[in-house]
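Participant: Line by line, the protein sequences are chains A and B.
Residue numbering for the first sequence follows my numbering, beginning at -8 and increasing consecutively.
Residue numbering for the second sequence follows my numbering, beginning at -8 and increasing consecutively.
No lab work stands behind these hints: they were computed from the structure.
Worth double-checking, as some hints may not be accurate.
Note that the list lumps identical chains together, so a pair holds whenever it fits in one copy or between two copies.
[To be verified] Calculated cross-link-like contacts (lysine to aspartate or glutamate; reagent style EDC-like; alpha-carbon spacing at most 16 angstroms): (1) K272 x E211; (2) K311 x D162; (3) K311 x E156; (4) K245 x E408; (5) K52 x D407; (6) K167 x E244; (7) K19 x E87.
There are 2 protein chains.
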Amino acid sequence: MAYTAPVEEMAFLLRQVAGLDELLATGKFGDMDADLVGPILEEAGKLAGEVLAPLNAPGDKAGAQLTDDGVKSAPGFAEAYQAFCEAGWMGLAFPEAHGGQSGPKALALAVMEMIHGANMSFGLAPMLSFGAIEALLEHGTPEQQEMYLPRLISAEWTGTMNLTEPQAGSDVGALKTRAVPNGDGSYAISGQKIYITWGDHDLTENIIHLVLARLPDAPEGSRGVSLFLVPKILVNADGSLGERNAVRCIGLEKKIGIHASPTCVMEYDGATGWLIGEENKGLAHMFTMMNSARLNVGLEGVGVGEAAYQEAFQYAQERKQGSAPGVEGAAPILHHADVRRMLTTMRARVMAARAICFATGTAADLAEHAETGEARAAARAREDLLTPIAKAWSTDMGVEVASLGVQVHGGMGFMDETLAAQLFRDARIAPIYEGTNGIQAIDLAGRKVARDGGVAMGVMLQEIAETARTARETNEPQLVQIAQRLEAAGEALGAATAWMVETMASDKDAALAGATAYLALAGDVIGGHFLTRSAVAARGEAGRLRTGMLALAGFFAETSLAEAPGRVAGITGSGNVLREASEALFGLS
Amino acid sequence: MAYTAPVEEMAFLLRQVAGLDELLATGKFGDMDADLVGPILEEAGKLAGEVLAPLNAPGDKAGAQLTDDGVKSAPGFAEAYQAFCEAGWMGLAFPEAHGGQSGPKALALAVMEMIHGANMSFGLAPMLSFGAIEALLEHGTPEQQEMYLPRLISAEWTGTMNLTEPQAGSDVGALKTRAVPNGDGSYAISGQKIYITWGDHDLTENIIHLVLARLPDAPEGSRGVSLFLVPKILVNADGSLGERNAVRCIGLEKKIGIHASPTCVMEYDGATGWLIGEENKGLAHMFTMMNSARLNVGLEGVGVGEAAYQEAFQYAQERKQGSAPGVEGAAPILHHADVRRMLTTMRARVMAARAICFATGTAADLAEHAETGEARAAARAREDLLTPIAKAWSTDMGVEVASLGVQVHGGMGFMDETLAAQLFRDARIAPIYEGTNGIQAIDLAGRKVARDGGVAMGVMLQEIAETARTARETNEPQLVQIAQRLEAAGEALGAATAWMVETMASDKDAALAGATAYLALAGDVIGGHFLTRSAVAARGEAGRLRTGMLALAGFFAETSLAEAPGRVAGITGSGNVLREASEALFGLS
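One chain only, chain A, in its complex shape (with noise of 0.2 angstroms):
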């Protein structure tokens, strides 16, 4: 029931793949130079491995409740989150300004990927403040700012994103919460929500809502829906805390997983909020906070899927059954070729995914602070196109990492007491909440890639051939071997955006049905960029780190990356195949 921060891991791929020193190196980063990464880790990883990680599988039992006085979180959980405010972990990368310490971006993903792994029910906690601080630092007032960043940084309130309602799930314009205003600047909120993470809980003294709803004179559709700010107390022009504002949690969910995060059905009740931004903007304002909500999903995948790993490793070496060469007596079933073939497995993926997201989240830095508005705009079309495959590859990577935890426990693994059972009902909601990972690969294939006609992906497909010639200019031999697999899933990531670009544009429907096997390609053969990128830096590295990365980036390369190629038609052909069976299998002509 351990979890111990990978922390080496973490600060090798930020600094020599994701390119967090020459990000440091731009000096926009206050006094944090790259020697501080492993340092902030080490610190952060504590708090995941001490604290957090001993309240996981408890607050799963537990779960959170509620009263008649809002929710109770679980036992521990309040305590855990006056830590976590007190380290100051909130504010890492959020501006000096607002009471933060103007850290990286990337550097903050990390250290939630470790609280996902250690307690992802106490990981959303933070997680929904990250959208709620960022859409007030971009669309909220100076006065607004103000208010409510310095406490939402220094994590003394929490923030939640109310998006859903029964009838508007993915399609977010079908809401029907209302706002009217009361004349005094405020607005009348009114309107049921429902699958609020956090939306009410005892850890902090207030909540701050960001709610979309409509204005009254409002266009329908997506067109009309605005975002705005409701406090659970309300805030005099003081900063002390006023009255109890009409809105409340009137039910909890009952879920497979993550029983410590309340799941809210919240009640608007005339509750007052404010308008964040412009009118009938709120969609396009939720989205500006996406790209860092779902990359911080994408890090729950990752969380989860390490702390499977270790949980199974260790499993793993304490479990005997059966025989080994150079074992006396029953060996631990490490020693089987299959368990290693299992947790090999789980490791690779784990990394090729943690690359991504970082890699991301280091395109996000950039985007802001790179020196040239050209070299912001080309990290900013980096983050965009990375950031669905963060999300989507690496939450199913987890569901699937988190089952072959499950798989490698055998027996023990589907008995409710074990953490890897645990993990496995957890991992699964990753890849439904924030953009079902089907409307990230629709994202992908319309917006990402065919918009641009594939520039940011051919951008990306030359990084990577760039990285298959280092890897196979080392001359040796392992090397050599990944790379000719990275060059042919190149080529044939390739050829499927060409396709993606074209059939987008001349046979919409076809281009969407091949659009999550598309994703499914692109998240391979970039997380096996990474890895090789990985490898060959490596190189430099002591021991274990070398021929363990050189192992995870081989594994990759001759399961992933070999398949890569053998793929491109399930996402060409299947459109075809699909509009000829939407008749006979499903009745639709």
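With the hints as your guide, set chain B onto chain A.
Facilitator: Positioned in the frame of chain A, the structure of chain B alone reads:
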């Protein structure tokens, strides 16, 4: 929450693809002829859909409960079992001499698929009886058969299999339960068994436990294990029930799924038992019933997958989100290409697994009933070859498809109340029990492929090539395309098989490292073979079955079959990579 047995597709697969008509034409199944297949499946489908399916979700919530009086099954289960018993389903494929109907096993297995699909927790009770009946048929004395078989075959009693102990899971030979001769031909059995499915319950008056234990002078390990029959209630010579035996359930496991199936910790405290078969041959005797138990578990994967598909399809018709061409207002999500892709993936994979399982079933029937010894041996080799694939590929598929079912449901799929969520939890056990899927892969690669030098797989590969040829010779463009994919996939499986045969002799550890990937490839190719055969056979059927089978085969060909050639490297290359990785990743030298 409805389950409708897919009777038409089942009958088609059994008769046109798995060879049931030819089997019945042997005349070895009494007066059962092919025209009865449909009506029998219809009748079983009613039990599944009308009696068992409505208990599935309530059973998940209520679970089985341990009381001072033993285990109480979930509400309604005892009555449903009574209906199952009275309809005579248990005896369908067992000898008339013992009260059965001497029908084909393949047909009984199709019935079991329905039962598992409607209510997997329920299905486990008869499934375990199957094992006990087969052990007695094969190894019981005439007296034992007379005393126990009629009431097991009538389903008046149930049977269990008691193998696992805390230190003896996959390594059954490590068990410690003792059997001491009482001097009167009976034995006193003492020890603790865990994970005993339906080990105690109130469905029937008596339970016949089959228990692995050690005689006092037994050799260590798996060569010292004997099989015993231990009734819950001792049976008097006249067949009446006598004293309560010293065996009881002392605990129920809390599991993430199949809550209505009691998973018991059983304590044997000098319980009276009788040896079945020979001393110290218990493991071998158990293995004679393993094939059918494993195939039955494979059908759990198929049944749960089918249920997940039906549930997701229904939800996709009802849930409206977003717009679609030709639909006014919000469109059912079924209209979105990505949802159709998920549903088609689910359906194609379920159908492929079903075909593999049914073909394994007819092979088992032919192994017993074919005219010539040669034909029986060939059928036995086919049954042996397909069994681990039927078990592992189908149950991995069950988890994958149930997970897709969750995804189609979006946020609703993560809610405890949703059947989709229950199916996802239920499905997860099937890759673990009756020999983990890793064990199945080792069984396939070692005992079934390498041991005979690849002969049985070679025969399968020839059939695959013939199926491809037949499809090509139709000159229908879609079938020709499928044929090309199947041919290439067959060649890939051939190459992997040749490597496996050679490597199991020269480098066993590398061979075993590739075993799971080999089984996955074999399942894909053989599943694609059966789907291709289905598409060809369905040309003679009515519209929707014909176009549906063609569409499923086409989709499977462009996805799974097209990927097959790229997956050989993951089998042949990963052994070396894993070996290199062992020290770096796992500290093994």
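Participant: Pop the pair K272 and E211 into one bin, within, between, both or neither, using alpha-carbon distances up to 16 angstroms.
Facilitator: For K272 and E211, the Cα distance is within 16 angstroms only inside one copy (13 angstroms; across copies 75 angstroms).
Participant: 16 angstroms Cα cut-off: does K19 pair with E87 within a copy, between copies, both or neither?
Facilitator: This pair counts as within: shortest intra-copy Cα distance 12 angstroms, inter-copy 84 angstroms.
Participant: How do K311 and D162 come out at 16 angstroms by Cα distance, when the copy is not named: within, between, both, or neither?
Facilitator: between (50 angstroms within a copy, 9 angstroms between copies)
Participant: Have a look at K245 and E408 and pick one of within, between, both or neither, based on CA distance no larger than 16 angstroms.
Facilitator: For K245 and E408, only the inter-copy Cα distance (8 angstroms) is at most 16 angstroms; the intra-copy one is 18 angstroms.
Participant: Within a copy, between copies, both or neither: where do K311 and E156 come within 16 angstroms Cα-Cα?
Facilitator: between (50 angstroms within a copy, 13 angstroms between copies)
Participant: Which holds for K167 with E244 at a C-alpha limit of 16 angstroms: within a copy, between copies, both or neither?
Facilitator: So K167 and E244 fail the 16 angstroms test inside a copy (21 angstroms) and across (45 angstroms) alike.
Participant: First find the shortest C-alpha distance between K52 and D407 inside one copy, then the shortest across copies, and answer within, between, both or neither for a cut-off of 16 angstroms.
Facilitator: both (9 angstroms within a copy, 15 angstroms between copies)
Going through the hint list in order, the structure does not satisfy hint 6, though it satisfies all others.
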